[in-house]
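Number of protein chains: 2
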Amino acid sequence: MTRVYNFSAGPAVLPEDVIIQARDEMLDWRGTGMSVMEMTHRGKQFMAIAEQAEADFRELLAIPENYKVLFLQGGATSQFAMVPMNLLQGKKQADYICTGHWSKKAIAEGRRFCEINLAASSEDTGFQHVPPHQDWKLDPEAAYVHYTPNETIAGVEFHWIPDSGEVPLVADMSSTLLSRPLDVSRFGVIYAGAQKNIGCAGLTVVIVRNDLIGRPQAGTPAMFDYQIHADHNSMYNTPPTYAWYVAGLVFSWLKRKGGLTAIAKINQAKANTLYSFIDSNDFYYNPVERAFRSRMNVPFILSEQQLDEIFLEQAKKAGLTNLKGHRSVGGMRASIYNAMSQEGVETLVEFMKEFERTRA
Amino acid sequence: MTRVYNFSAGPAVLPEDVIIQARDEMLDWRGTGMSVMEMTHRGKQFMAIAEQAEADFRELLAIPENYKVLFLQGGATSQFAMVPMNLLQGKKQADYICTGHWSKKAIAEGRRFCEINLAASSEDTGFQHVPPHQDWKLDPEAAYVHYTPNETIAGVEFHWIPDSGEVPLVADMSSTLLSRPLDVSRFGVIYAGAQKNIGCAGLTVVIVRNDLIGRPQAGTPAMFDYQIHADHNSMYNTPPTYAWYVAGLVFSWLKRKGGLTAIAKINQAKANTLYSFIDSNDFYYNPVERAFRSRMNVPFILSEQQLDEIFLEQAKKAGLTNLKGHRSVGGMRASIYNAMSQEGVETLVEFMKEFERTRA
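In order, the protein sequence lines correspond to chains A and B.
Using full-length UniProt numbering, the letters of the first sequence correspond one by one to residues 1 to 360.
Using full-length UniProt numbering, the letters of the second sequence correspond one by one to residues 1 to 360.
It is worth saying that the hints were derived from the structure and are not from the lab.
One or more of the hints may lead you astray.
In silico DSS-like cross-links for lysine-lysine, where the CA-CA straight-line distance does not exceed 25 Å [unchecked claim]:
{"#": "1", "chain 1": "A", "residue 1": "Lys92", "chain 2": "A", "residue 2": "Lys104"}
{"#": "2", "chain 1": "B", "residue 1": "Lys316", "chain 2": "A", "residue 2": "Lys317"}
{"#": "3", "chain 1": "A", "residue 1": "Lys105", "chain 2": "A", "residue 2": "Lys92"}
{"#": "4", "chain 1": "B", "residue 1": "Lys104", "chain 2": "B", "residue 2": "Lys92"}
{"#": "5", "chain 1": "B", "residue 1": "Lys317", "chain 2": "A", "residue 2": "Lys44"}
{"#": "6", "chain 1": "B", "residue 1": "Lys44", "chain 2": "B", "residue 2": "Lys91"}
{"#": "7", "chain 1": "A", "residue 1": "Lys91", "chain 2": "A", "residue 2": "Lys105"}
{"#": "8", "chain 1": "B", "residue 1": "Lys105", "chain 2": "B", "residue 2": "Lys92"}
{"#": "9", "chain 1": "A", "residue 1": "Lys91", "chain 2": "A", "residue 2": "Lys104"}
{"#": "10", "chain 1": "B", "residue 1": "Lys316", "chain 2": "A", "residue 2": "Lys44"}
{"#": "11", "chain 1": "A", "residue 1": "Lys255", "chain 2": "A", "residue 2": "Lys44"}
{"#": "12", "chain 1": "B", "residue 1": "Lys44", "chain 2": "A", "residue 2": "Lys316"}
Note that the structure is predicted; figures quoted are calculated from it, not measured.
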């Protein structure tokens, strides 16, 4: 068996320790004679798995007690609707910051439920930066301010938390949560699909401040009501048990790695390695302004686009997979989430050097 | 490693062949160097897995071409809302048949969206039968007729398909789908949570007739719109990839077993073994009218309820787990889904005999 270096933007590489453990426990979880997949979610074994996962997640992010953590289904795309359905609370308008593809998706879904005040956008410059905070046209009467701290496709990341005053700040952190320490107390709602830094697809983690829930708009399905999930510890109906278990394995792995401070250093080093090489070089190019470059998703283009296919083919042969950029951007993209090692990034850089050297 | 006989109502036992295969492929799916969990859902490997799963599912159920098959998240509980949100189409009222706990859940959620005509109910007799079809008060102007062909908790099953005339028939088949052949063409919508006969929790399969979709009510989130999922082959957003893969393994196992005709015979034999023993015996009792007994969920009570705890303890020691009945009913329940073997049922019966013999 040869494992590849998998640079997929998501579903993405998982820590090898995690999938080895999942494999080893598959037929018989700790002497129970059952796979975790086969456990009733109401039984004490799965309850223990679920509670440990939440406890570890809370510890990793130092989540204050006045926040609920929900383990849901439906992806960030469901959150695009759940946020307005739960947070509008009679208001008719919310502020959105548009910094890329996923911001636009959140805005399009939000429009089904309220008026969107586009408080800032970098669309006119091709999403290569974050609009300066002082230029944002926030409305103090907005129900909430929504933004996307890391845009997976263009590779643009906020390296600070915006100040939204008294208005709850809502963030789609799908591709950045758990990659670095975070001051959760600055947020009203944080949500993330699991398939980048948390675990496998089919799980969505939501962190929501207690005082923001319990007033969903009329016509909200029970499954879209944060309060109902909070009241039932995310077991109003059968939760995605196996995905929850895998997330728990990832949280435990992250704690063994030293938590978010430690992983942030590793992530910074990986990003530095890749961006430094790209910048030191005329053949590869990253268009994002340096202050806003993502530590998780690194798009780059070849100066000779006709070599794209050959680059991807040779990379795959060298065990470097899923480097193709999103169809809307083209070129390449290396996603370097928590589970991607420094060694993987260095192997990529060596390959890129060698590809450039021999392309002629 | 000793595997137990797991009689959980769901999440439930999976075929051992399936979890062995999942274990063996965990770190490296067929030479790709990746776990299925790590595959992008847009890549050709996962697309092949997804398409094969759908093809096998369609083959097993002989699903006509004018039906879509959707692989969704959110459980049957989300369907309780998606059905009215998509099928009302301007009508204000739907018919519901109430035969147990899960019917009631569907009705309670349905009330958020429309007027419910309770066309028939067996609640007054403790859900121990199905109300005779000739007594149903169906409304020919209803948007749809909803029923629950198998009630997991009380163990009541329809052994025929109701005639709803021109009104679309909608069924929550979570605990019966794939247990026997089914004439899909009789239905408008069939839905099922995966965690009984399909795979692991976190996946919901929906079969919906093409002409019923595309007219969701205002305020329906994109994720609750059947048409959007149909248009994107269930990949409008990242699907629950691993659960989809496990479902595919189950479908393939079921085909190897001989498909639904073969599994129905096995299921009938298992149910006969257990019910015959219960009926031949004064110590154990099943209260459901014989014509409506479930082939999947067999509740039974001990004539001396003070022995319940000892029964459960000794059963567990004998490798027979999750036999406790639902808290709303008490007593015991043996769920004997497709993955439970005849041998498992016979082992249970032997244990029950021995328990009765030695209880004094």
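Hints versus structure:
1. Lys92(A) - Lys104(A): 19 Å, holds
2. Lys316(B) - Lys317(A): At roughly 51 Å apart (the allowed maximum being 25 Å), Lys317(A) and Lys316(B) break the hint.
3. Lys105(A) - Lys92(A): 19 Å, holds
4. Lys104(B) - Lys92(B): Status holds; Cα separation ~19 Å.
5. Lys317(B) - Lys44(A): 16 Å, holds
6. Lys44(B) - Lys91(B): Cα-Cα ~42 Å, so violated.
7. Lys91(A) - Lys105(A): 21 Å, holds
8. Lys105(B) - Lys92(B): 19 Å, holds
9. Lys91(A) - Lys104(A): Answer holds: Lys91(A) to Lys104(A) is near 21 Å, not above 25 Å.
10. Lys316(B) - Lys44(A): 14 Å, holds
11. Lys255(A) - Lys44(A): Given pair Lys255(A), Lys44(A) holds - Cα atoms ~24 Å apart, limit 25 Å.
12. Lys44(B) - Lys316(A): 14 Å, holds
The earlier numbered hints that this structure contradicts are 2 and 6.
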